[in-house]
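When we follow our numbering, the leftmost residue of the sequence shown carries the number 3, and every step to the right adds one.
Just so you know, these hints were derived from the structure itself, not from any lab. Check the hints yourself; a few may be wrong.
Unchecked claim - BS3-like mimics (lysine-lysine), calculated; alpha carbons at most 30 Å apart, straight line:
| hint | residue 1 | residue 2 |
| --- | --- | --- |
| 1 | Lys18 | Lys34 |
| 2 | Lys92 | Lys18 |
| 3 | Lys92 | Lys34 |
| 4 | Lys18 | Lys96 |
| 5 | Lys96 | Lys26 |
| 6 | Lys26 | Lys92 |
| 7 | Lys27 | Lys92 |
| 8 | Lys92 | Lys30 |
| 9 | Lys96 | Lys27 |
| 10 | Lys30 | Lys96 |
| 11 | Lys30 | Lys18 |
| 12 | Lys96 | Lys34 |
Said to hold, decoys possible - Computed spacing ranges between beta-carbons, pair by pair:
| hint | residue 1 | residue 2 | range |
| --- | --- | --- | --- |
| 13 | Ser22 | Arg247 | 23 to 29 Å |
| 14 | Ala145 | Glu70 | 23 to 29 Å |
| 15 | Lys26 | Arg62 | 26 to 32 Å |
| 16 | Ser210 | Asn119 | 37 to 43 Å |
| 17 | Leu268 | Glu97 | 42 to 48 Å |
Note that beta-carbon positions come from the ideal geometry of N, C-alpha and C, so glycine has one too.
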Amino acid sequence: MTHRRSITGFSNPLVKFLRSLRDKKHRKREGKFIAEGLRLLTDARLSGLLPEMLVMSSGREDHPLLDELERAVSDAGGDVIEMSEDVLAKVTGKENPQAVAGVFAEFDTALASLDRNAAPIWLVAHAMRDPGNLGTMLRTGDAVGAGGLILLDDCADPFSVQSVRASMGAIFTQRIARASWSEFIAWLRAGEGQLVAASLRDATDYRSAPYRAPCFLLVGNESQGLPQALEDACDLRVTIPMRGRADSLNAAIAGAVLAYEALAALTPPPRTK
Numbered sequence: 003m004t005h006r007r008s009i010t011g012f013s014n015p016l017v018k019f020l021r022s023l024r025d026k027k028h029r030k031r032e033g034k035f036i037a038e039g040l041r042l043l044t045d046a047r048l049s050g051l052l053p054e055m056l057v058m059s060s061g062r063e064d065h066p067l068l069d070e071l072e073r074a075v076s077d078a079g080g081d082v083i084e085m086s087e088d089v090l091a092k093v094t095g096k097e098n099p100q101a102v103a104g105v106f107a108e109f110d111t112a113l114a115s116l117d118r119n120a121a122p123i124w125l126v127a128h129a130m131r132d133p134g135n136l137g138t139m140l141r142t143g144d145a146v147g148a149g150g151l152i153l154l155d156d157c158a159d160p161f162s163v164q165s166v167r168a169s170m171g172a173i174f175t176q177r178i179a180r181a182s183w184s185e186f187i188a189w190l191r192a193g194e195g196q197l198v199a200a201s202l203r204d205a206t207d208y209r210s211a212p213y214r215a216p217c218f219l220l221v222g223n224e225s226q227g228l229p230q231a232l233e234d235a236c237d238l239r240v241t242i243p244m245r246g247r248a249d250s251l252n253a254a255i256a257g258a259v260l261a262y263e264a265l266a267a268l269t270p271p272p273r274t275k
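Produce the complete structure using the sequences and hints provided.
Quick look at the structure:
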């Protein structure tokens, strides 16, 4: 049987702590982040990760997956907190919050923690500023079976509420690393790995490019793209043809297009019966 604590007041110190996790500096100080919604928390549980604290609305509807999640958190020694929908809205900053949220410890984001040979494809983002795009890249990585997402230089925070929400649970299935460009390129060149970027200079059509595993697909900043020095450091530059008036794709969409093309080139077709 689980034991729940009930919080009713907006001024409760725990409510203030949970609200603070919406701010990057507080997340960094505490080493924790919030994920909202039963689907995300169920994805986390199925990936072997449980929140340290489970926060539930007192007005929620019963659901068997939530019952399982509550038991698992309680059995693991985590806290189960119940609060009104109004107080939960204060925590999440949303007028109509999900009925459940969880507090997780941030993951190890050191490059040294990655096994580059764990997957044929890795996604790399340089100075990506939009948390929605970052979450979309995590979701793409999950879809293509990528090893994870490497964030270079001044990227958005992958543990922000917006990024976590946009990842649709992929925050829990993809490895995440953060590094400067100089740290990344030194790490990459110390072992195997092909660095590929979308470019218009001396580029090969992305559909006929010679991809090699492990393949690191580099996407640049949403408005400025990749600096020339970074493009010059790539092993392969590819171009995605644009048939209309637009001169480029959204950064996260470009990453998805390249990821699926590289996946087709690096993965044998499925057997047919």
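Among the hints numbered above, which are violated by the structure, and what are their numbers in rising order? 13, 16
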